[in-house]
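Taken in order, these protein sequences are the chains called A and B.
Just add 12 to the spot in the first sequence (first one is 1) and you have the working numbering.
Just add 51 to the spot in the second sequence (first one is 1) and you have the working numbering.
Hints should not be assumed to be uniformly reliable.
Computed list of chain B residues with no C-beta within reach of chain A, every gap over 10 Å [unchecked claim]: (1) R75; (2) R94; (3) S187; (4) A228; (5) R296; (6) A335; (7) V351; (8) R478; (9) V481.
Below, a sample of chain A positions facing chain B; criterion: calculated Cβ distance under 7 Å [as the list claims (entries may be wrong)]: (10) M13; (11) L15; (12) L17; (13) P45; (14) T49; (15) L53; (16) S62; (17) R64; (18) T68; (19) Y69; (20) Q73; (21) S106; (22) L111; (23) S138; (24) F510.
If we take Cβ atoms under 10 Å as the criterion, some of the chain A residues that face chain B in the derived model are [to be verified]: (25) R60; (26) T88; (27) C107.
None of these hints come from the bench; they were simulated from the model.
Virtual Cβ for every residue (Gly too), placed ideally from N, Cα, C.
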Amino acid sequence: MQLTLWTYEGPPHVGAMRVATAMRGVHYVLHAPQGDTYADLLFTMIERRSTRPPVTYTTFQARDLGGDTADLVRTTVAAAYERYRPEALLVGESCTAELIQDQPGAMARGMDLPVPVIPLELPAYSRKENWGASETFYHLVRAMVASQVPAPGTEPPARDPGRRPSANLLGPSALGFRCRDDVPEIIRLLETLGIDVNVVAPEGASPSDLGRIPAADFNICLYPEVAYTACAWLKRAFGQPMTSTIPIGIGATRDFIAEVCALAGTDAEAALQDAAARLPWYSRSVDSTYLTGKRVFIFGDASHAVAAARIADEELGFTVVGLGTYSREFARELRQAAKHYGVEPLITDDYLEVESQVAALQPELVLGTQMERHVAKRLGIPCAVISAPVHVQDFPARYSPQMGFEGANVLFDTWVHPLMMGLEEHLLGMFREDFEFNDTAAPSHLDGESPPREALPETSKPAPAGDDGCDWTPEAESELRKIPFFVRGKARRNTERFAVESGIARITVETLYDAKAHFGR
Amino acid sequence: MNGFPAIQPGPPVATGCVDTEVLRERGQREVFCGLTGIVWLHRKIQDAFFLVVGSRTCAHLLQSAAGVMIFAEPRFATAILEERDLAGMADCNEELDRLVHQLLARRPDIRTLFLVGSCPSEVIKLDLAKAAERLSLSHHGRVRVLNYTGSGIETTFTQGEDQCLQALVAEMPAQSATEPSLLVVGTLADVVEDQFSRLFEAMGIDRVAFLPPRSATALPPVGEDTRVLLAQPFLGDTARALLRRGASLIDAPYPFGVEGTLAWLRAAGRDFGIAGERVDTVAAAPAARARKALERYRPVLAGRRITFLPDSQLEIPLARFLATECGMRPVEVGTPYLDRQVLGGELELLGGDTRLSEGQDVDLQLDRVRVDRPDLTVCGLGLANPLEAEGLRTKWSIELVFTPVHGFEQAADLAELFARPLIRNERLAV
Ligand code: SF4
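Full structure from sequences and hints, please.
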């Protein structure tokens with residue numbers, strides 16, 4: 013058993029719903045009790061989709077148990093097929109139905125429906141949402157291209173040199189973070205490279221579109237959390253190569269262009285210097301100097317977290333002080349990245365563990381999911397959202413991709429916006445006691461969003477006696493209060509550490525400045 | 052009282068829909084399960100913690116339903132069953148004990164812990180009553196551990212509160228007094244509770260208690276002299292449990308709208324032998340104020356057609372309020388289940404030409420909505436935007452259990468909840 017307050021991922025059948033909802037011509041019959049219909053609101057409320065997810069729930073009740081739940085599956089499948097006439101039918105179960113073992117998938121298969129019936133077995137007690145999405149997409153793709161799989165060992169046919177190279181864009185799904193805007197951004201990029209897009213899936217694709225996947229020269233695995241399993245299988249079965257770079261950030265977008273052009277056999281030069289890429293100049297302009305070394309904590313799905321760490325480090329000049337993910341399936345990739353930045357990887361789906369890490373590290377910026385936004389808000393730390401799961405406000409009306417050069421522009425704005433502006437920060441440091449211009453005021457451009465800071469460990473502590481048993485003199489304590497709040501926690505920790513290491517029992521103003529000199533900024 | 056038809060609880064009137072055909076449907080239901088009640092119960096009972104023993108789905112449901120709320124550290128959590136818990140019951144109980152210890156260590160302020168059953172815990176027959184007993188013993192003197200079910204195979208949406216309160220009834224001390232006392236049952240906003248307390252006091256009823264109480268350690272007593280007045284129409288099991296403890300049930304409509312509240316107070320007064328005139332005098336000022344406030348929304352609502360999809364179980368009393376006090380015309384009123392013992396009074400007051408449906412087949416019901424094209428459809432969160440996209444105006448039913456809507460002072464607020472989508476529709480030019 014696992015004690016959970018908030019979860020990063022839903023159950024695996026919600027992942028299946030994300031694939032079904034993204035597509036056209038698919039219907040999903042889910043053997044589940046009535047309460048499980050809550051999942052519809054994720055799509056209609058949070059993502060504001062204008063149609064109901066293509067899901068029919070059996071909504072069995074206690075009185076059906078032991079009696080005719082199996083029959084209920086059959087009548088539901090028949091009625092759903094009649095009403096919705098899908099091109100392909102997914103049939104599966106949620107956690108409760110898994111326990112009663114009706115095997116709805118097998119049952120539906122036995123009904124001789126005139127369309128492909130794809131049974132989904134998604135173990136609800138060991139797997140989660142992204143795995144469910146990935147598995148569902150893989151089974152759908154496999155079912156729709158089954159008849160085209162060549163004999164093992166067959167060489168993929170060489171491309172007709174007169175035809176433009178083409179690729180599939182795989183992975184964008186319902187509820188995916190900014191998929192809506194990433195896809196057109198990447199299609200535009202591929203267009204400049206002279207590469208055609210064959211199929212985009214699951215978002216917007218029908219089952220018959222999936223049947224055309226093998227016609228492309230290679231697959232772009234845009235969201236590995238959803239598409240990796242399918243892409244890896246397509247590579248094995250059809251010899252279709254796949255990409256491994258996620259084009260988030262300037263550096264990664266350039267690497268992506270190089271990778272894609274190598275697979276397509278085209279020239280990368282044309283696209284590498286995109287005039288629309290403003291991040292490099294914005295980051296080099298003197299105004300951004302104050303971003304140097306800002307301590308940033310990053311948490312999200314593995315792809316977005318790893319990409320964010322690279323941008324933070326190489327493109328904004330931040331210092332990555334924490335890096336983590338809730339995607340255990342991609343823990344290896346995250347560990348590698350954490351090693352590169354010299355931080356401990358945090359692989360967990362326990363929200364409390366993430367919260368205590370943030371509180372302990374006292375970063376100046378948090379990049380995370382909706383959970384980290386709430387954590388950061390409580391701790392009074394600026395935050396930007398970089399990954400699912402997200403709330404309704406993270407499906408913005410405006411175009412705001414994360415990928416490609418325009419995506420990098422969006423990231424610059426979104427991450428820098430919550431921070432105090434450079435000069436403002438200095439003035440705060442100089443005139444701490446100004447009665448209306450002080451650090452309890454929010455950044456001037458964030459009107460009225462003064463962050464609550466009652467939970468900050470450093471203010472909740474009574475004045476003397478730090479954790480390490482150090483005493484603070486009242487003078488030192490009041491000097492500490494002159495340091496802006498966003499670095500005060502760090503200053504307190506550093507000073508106490510310095511005092512302990514130097515055998516100082518009582519912290520004075522002198523100790524405070526000795527520690528400052530010792531640690532630097 | 053001035054010019055408005057006062058509601059007289061009494062024998063069925065000719066136009067009521069007590070005996071009309073009820074359309075019973077059994078197909079896909081689009082209703083939350085009883086776990087959802089935790090979202091408001093944990094705010095109301097401030098020293099209680101709700102631990103759902105269930106699956107990741109249950110945790111996700113709570114999080115999605117609570118998503119509309121402020122992200123404070125909640126007083127609820129889910130003990131998520133994992134594969135190895137399903138292997139053996141002994142381990143499962145051990146695991147639960149371990150988690151409860153962990154939780155109580157984290158939250159020393161908890162005095163009452165509810166173990167809340169879910170579909171998975173029921174299907175594997177995990178005995179939470181036994182677990183509660185065992186844990187109560189091992190945490191004796193510090194925490195009382197209770198249990199109830201919020202599972203979707205047993206309960207819909209607001210029935211979770213019914214089950215929770217029923218568990219509290221068993222804990223209520225026996226009443227020894229010989230004077231009658233009033234027990235108001237159903238979660239009310241604190242401010243509404245205070246308003247009602249003042250009204251009852253002015254009427255001359257000063258022994259008034261509320262269930263649930265704000266603190267689970269301050270449970271009111273119950274006995275032969277307890278008179279139960281329901282504030283919510285979904286508490287049939289709680290009412291029956293109270294009857295078994297010797298209490299008697301006051302037959303009344305629900306305190307929605309001016310006339311509903313007035314009738315509710317009068318019913319209580321009658322039961323306590325208080326003259327109707329005294330009740331009317333006490334209620335005169337707030338009722339007049341409320342009628343005036345309500346007048347603002349009548350022009351928006353009068354003559355408009357409304358359909359309720361089955362959800363919160365408030366459908367029938369709210370349709371009655373909107374029909375009799377706001378002039379709306381209910382087309383279809385759906386309810387997850389029809390408990391005539393607690394809704395009889397309301398059915399009498401609802402117009403006879405209303406289609407009443409019980410249970411659900413969501414596809415068929417939406418077909419009817421598309422044919423009826425009501426001016427407003429009250430429905431769950433999953434259905435609202437798709438209906439809006441089809442050009443139909445909607446109102447989320449979940450707001451009705453999250454907002455103070457009972458009593459005189461809230462009557463206009465309640466009407467406003469229904470008027471807002473209509474007003475908005477008229478304002479928007481995009
Ligand atoms: S319907 Fe059952 S399984 Fe689903 S969330 Fe409710 S209690 Fe959990």
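*Any hints from earlier that this structure breaks? Give me their numbers in increasing order, please.*
24
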